[in-house]
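**Q** So you can see what is in the structure, the chains are spelled out below.
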Amino acid sequence: MASLVAILDLKGKPLIQRSYRDDVPPSYIERFLPIVLDLEEEGHQVTPCFTREGINYMHIRHSNLYLLALSKRNSNAAEIILFLHRLVQVLVEYFKELEEESIRDNFVIIYELLDEMMDFGYPQTTESKILQEYITQESYKLEVQVRPPIAVTNAVSWRSEGIRYRKNEVFLDVIESVNLLVNANGNVVRSEILGAVKMKCYLSGMPELRLGLNDKVMFETTGRTARGKAIEMEDVKFHQCVRLSRFENDRTISFIPPDGEFELMSYRLSTPVKPLIWVEAAVEHHKGSRVEYMVKVKAQFKRRSTANNVEIYVPVPDDADTPKFRASTGAVQYAPDKSAFVWKIKQLGGGREFLMRAHFGLPSVRGEQDSMDKRAPITVKFEIPYFTVSGIQVRYLKIVEKSGYQALPWVRYITQNGDDYSLRTALEKGSAPIVPM
Amino acid sequence: MSGLRGPPRKGENFELSADLNSEYREKRKDAIKKVIANMTVQKDVSGLFPDVLKNMQTDDLEQKKLVYLYLMNYAKTQPELVILAVNTFVKDTDDPNPLVRALAIRTMGCLRAEKIIDYLCDPLQKCLRDDNPYVRKTAALCVAKLYDLKPELVIENGFLETLQEMIADSNPMVVSNTVAALSDIHTAAVAAGTTSDHFHITSVILNKLLVALNECSEWGRVAILNALARYETQDAQESEHICERVVPQFQHANASVVLAAVKVIMIHMRSVRQDNLTKTFIRKMAPPLVTLLSNPPEVQWVALRNINLLLQKRPDLLSNEMRVFFCKYNDPLYVKVEKLDIMVRLAGESNVDALLSELKEYASEVDVDFVRRSIKAIGQTAIKIDEAAERCVNVLLELIGTRVSYVVQEAVVDIFRKYPSTYEGVIPTLCANLDELDEPEAKASLIWIIGEYANKIDNADELLAIFVDTFTEESYPVQLQTLTAVVKLFLQKPDSSQGLVQRVLNTATKDCDSPDVRDRAYIYWRLLSTDPGAAKAVVLSQRPPISLPRTTVSPQLLEELLGEVSSLASVYHKPAETFVGPGRIGIDSLQRKASEIADERVAAQKALQTVAQGQQAENLLDFADDGAEGGQQPSGLAATTVLAQTPAAANILAGTSSNPLDDLVSIFGSANMSVPTVQPGQSANPLAGFSFNTAASPMPPATPSVLQAASPPTQQSQQEDLLGLF
Chain A
1 MASLVAILDL KGKPLIQRSY RDDVPPSYIE RFLPIVLDLE EEGHQVTPCF
51 TREGINYMHI RHSNLYLLAL SKRNSNAAEI ILFLHRLVQV LVEYFKELEE
101 ESIRDNFVII YELLDEMMDF GYPQTTESKI LQEYITQESY KLEVQVRPPI
151 AVTNAVSWRS EGIRYRKNEV FLDVIESVNL LVNANGNVVR SEILGAVKMK
201 CYLSGMPELR LGLNDKVMFE TTGRTARGKA IEMEDVKFHQ CVRLSRFEND
251 RTISFIPPDG EFELMSYRLS TPVKPLIWVE AAVEHHKGSR VEYMVKVKAQ
301 FKRRSTANNV EIYVPVPDDA DTPKFRASTG AVQYAPDKSA FVWKIKQLGG
351 GREFLMRAHF GLPSVRGEQD SMDKRAPITV KFEIPYFTVS GIQVRYLKIV
401 EKSGYQALPW VRYITQNGDD YSLRTALEKG SAPIVPM
Chain B
1 MSGLRGPPRK GENFELSADL NSEYREKRKD AIKKVIANMT VQKDVSGLFP
51 DVLKNMQTDD LEQKKLVYLY LMNYAKTQPE LVILAVNTFV KDTDDPNPLV
101 RALAIRTMGC LRAEKIIDYL CDPLQKCLRD DNPYVRKTAA LCVAKLYDLK
151 PELVIENGFL ETLQEMIADS NPMVVSNTVA ALSDIHTAAV AAGTTSDHFH
201 ITSVILNKLL VALNECSEWG RVAILNALAR YETQDAQESE HICERVVPQF
251 QHANASVVLA AVKVIMIHMR SVRQDNLTKT FIRKMAPPLV TLLSNPPEVQ
301 WVALRNINLL LQKRPDLLSN EMRVFFCKYN DPLYVKVEKL DIMVRLAGES
351 NVDALLSELK EYASEVDVDF VRRSIKAIGQ TAIKIDEAAE RCVNVLLELI
401 GTRVSYVVQE AVVDIFRKYP STYEGVIPTL CANLDELDEP EAKASLIWII
451 GEYANKIDNA DELLAIFVDT FTEESYPVQL QTLTAVVKLF LQKPDSSQGL
501 VQRVLNTATK DCDSPDVRDR AYIYWRLLST DPGAAKAVVL SQRPPISLPR
551 TTVSPQLLEE LLGEVSSLAS VYHKPAETFV GPGRIGIDSL QRKASEIADE
601 RVAAQKALQT VAQGQQAENL LDFADDGAEG GQQPSGLAAT TVLAQTPAAA
651 NILAGTSSNP LDDLVSIFGS ANMSVPTVQP GQSANPLAGF SFNTAASPMP
701 PATPSVLQAA SPPTQQSQQE DLLGLF
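Chains as they are written, first to last, in UniProt numbering: chain A, 1 to 437; chain B, 1 to 726.
Honestly, the hints are just simulated from the structure, not real lab data.
Computed from a prediction, not measured in an experiment: that's the story for all the values here.
In the DSS-like style, the derived pairs of lysine-lysine whose C-alpha atoms are separated by at most 27 angstroms in a straight line are:
#  : chain 1 : residue 1 : chain 2 : residue 2
1  : A       : Lys-129   : B       : Lys-33
2  : B       : Lys-328   : A       : Lys-344
3  : B       : Lys-384   : B       : Lys-279
4  : A       : Lys-13    : B       : Lys-76
5  : A       : Lys-11    : A       : Lys-338
6  : A       : Lys-11    : B       : Lys-34
7  : B       : Lys-284   : A       : Lys-198
8  : A       : Lys-13    : B       : Lys-33
9  : A       : Lys-167   : A       : Lys-200
10 : A       : Lys-11    : B       : Lys-33
Which bits of chain A does chain B cover? Going by a derived footprint, with three or more residues having C-beta under 8 angstroms, they are:
#  : region
11 : 15 to 27
12 : 49 to 57
13 : 104 to 116
Ideal Cβ placement from N, Cα and C applies to all residues, glycine included.
Construct all of the structure, not just a fragment, from the sequences and the given hints.
**A** Rendered as structure tokens:
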């Protein structure tokens, strides 16, 4: 429950606001940033929710904006914080980018959305696809009056009736993101696979879909034996279209899909993963003059696969200058804004191994602060098509619609880096000495 | 028509007023947009109320919405004029387009003007029975709005009964909004102190809710789950049934649905009797909780605060999952801090090595606050797992060699308090870093160590003399520790430190502004001058080793908070009464207190201290600790409790000894009461004299054995010296 929702700029000035209840006067919005600054000054951390003088402030950050909700009650913090994130998502889908300018330019429609997405402080419809059906940027013509889509209140609140396609097709993307943390002595400290099944649905009518995966638990409960490998998903999350009780009973994934693009499900596996792309860096620090890096990358997956658009970010001191690079493949760039250099390799074949060297100058006089080197980890971005780390497979996708049309499912697999694929930098000593290439 | 104040004849508002009355539709609409734009940037456009109102009757839905928006903002400032809008509103609730009907009823509920409330009831009655579910779901919430304004109207018109019926609506969205409205009314009624239960959930309603749960939208599920949490089950079987029906919600993609489901399970599991069922629920809860960490950081934080509570109740919940809580380099600090706490909670013999190497890694990061907390976590790990204490100490010693030595001291103190005589070998290393200390906490910690181990540190007197020299410049925690440490030193090595103790007592009683420091100095002074033997028994007595509290809140509060999982109370770890407005239950009375507590952390810590005091009364005995952690602890309290420990004082306090009782009590009474009013050094004489005369005679016979331990001549001269000071 929220009494008021506002979007603020970084100076704490409200750009747009909407009161849902009377119990919190809008003047409290302007107290938000001073409190945040106070907390920071006193050395306290600023948490997403805090309370001051009987008012609860719940906020999130999005680029250069604060999204703030105020309440006087013991509100559901998880719900409100998530709602703010959903608001960002909807506004981004409406305006591509959410920033001060797009808010100023579109205040009318934002008011409309705020009115529709929350009532009396309770979240209502937050599906941007449905919202777009009756809240549009074009003015309404007098002759055609919009009505609330049935979907808003339907049991199937995510799909409208009467959708028609000439060619019925479904595209399934199975995308696995690998999060991994390797410590300085080369051991994998933490690893997880976050998988997502994304769909692009171009189907007519109200189709019933059933998705079959090589899910180990499903094989076990149904007593079937799997041909080939079955995977054990630790936790599965579904789009609201999936019938959860059915899944709970017999692990069947059955649903009426929304139209167009959406994420059907996500899953998590915490089985240990061998780093698909291994990077190690040896650093030789000559205090007050220069620093040298030797970076080795190794593709630790089968030869028939290839990693595309590999980017390796190696952190360097903030004040490093005059970069010199030499790489046996790909290109290297200095990214001073990130205090790192980036080694980009367009295609990295399975089993291949490459080296690169970097040399930076360092200022001879350094401040006290600089001597504390940030120990940011090496991070890697990559994409390996036609391959999943977990071995998940789509066994079938059954599509049934009462008109009885035939529809084609297309499946694609991709493995990529997650938001935290990092390898802690090798310490200065202890790693292999740098030898000329 | 343009109101009484008379609109300006020029300027932007004048032009807008003209445009709003234009004969061209487009021009009027543009003008309305400009008015709203001005409203958005907080320019006052309330004077245009009548002009805007004229544009309310239109077929253009967008324009209608804008006018409604304007009305919502300014209805309160123009109550007399709002009445003019009523007709259009009522007419709109009959519009053929459901969007318009819903918009009208929704907006009317938001106007909050006394004058139109009475006109709201009839259209609301109609909309609650509308054919279109979109209108019904909007009307349902409107009842809650009306209750907020005028509860009597809701009851008189039978809206509550209508809502109760609507729980059986065929449309899940209508059901969930009805539930939200009824719950809102219930909360408001409870806050207002109404006794009647406006939303009593019967077993019939329960079944309807369980059916609707699987069909409604994500937010609807949250509303229904919250209502399920309030249901009082008849027997264990019913509780099991609810849990089984709710468990599938763990698979929902929306984190607030997951947390709401966790809440329902935690509540209804209390009455589940079958152990294996409980285990199954707990097992099924773990993976979804871990997955919450894949959400945006703010959501993660809410989840982590709740996981922290869940772990206090069920430490086995995530026993194999410590690694998922390892901090990511780019996590915001507030997430990292919560993760640290949870990691220590999950630490066990099997994973302690992984934890330590991770914590060591954090100790070399840039953010000082995070580094400090990480090192503190190493100390806590040592206290928690006996077998790993030595490894922890080694890690800390390694860290001393790096730049962060100043933080390490604090952690080491904790370890000393837990394992008093195991790691004395570390002391030289610690003392070697004395010069680098500038943080008060670190200084205070090291001073505590020097005082505690004065007999093992050869140059303890020299080290402490440094702090005595700069006594008045130090912060209060450091002063308190210095005072205590010097007294400890004196009691252990009286010969070499007599001058020092006099100097510190003198300074503390005369030149110090902190009443705590002064009080404590007086207490020591009297103790020492009265009976050094008793002083020794008091100050140097054995203290029980500390242990890590398993819970940070009291068991009752923990249960209460677990019943509110995902709410602000569960996030703050504080009961709702301490921060909830608006005052009908008495936040107003709490408000002053709340504003003093600048930060939740402080409050949490205070709560923790209170709990610790209650649960482990022995902690109070450790009054050196009070100085190190609280600083604000009244030394009088600590001292009294400590005294009770010595046999003499116990006798006295129990009243078995005949005359000294009054005297001893009066010492404390007079010291505590008069010190704040008496200026040090000026009128301290009568006070001191009083206490000396009374206490000197009864004490020695009470503790003969201790007396022998102290050397009489020293004591004699000591007393004279102290007396001479006055």
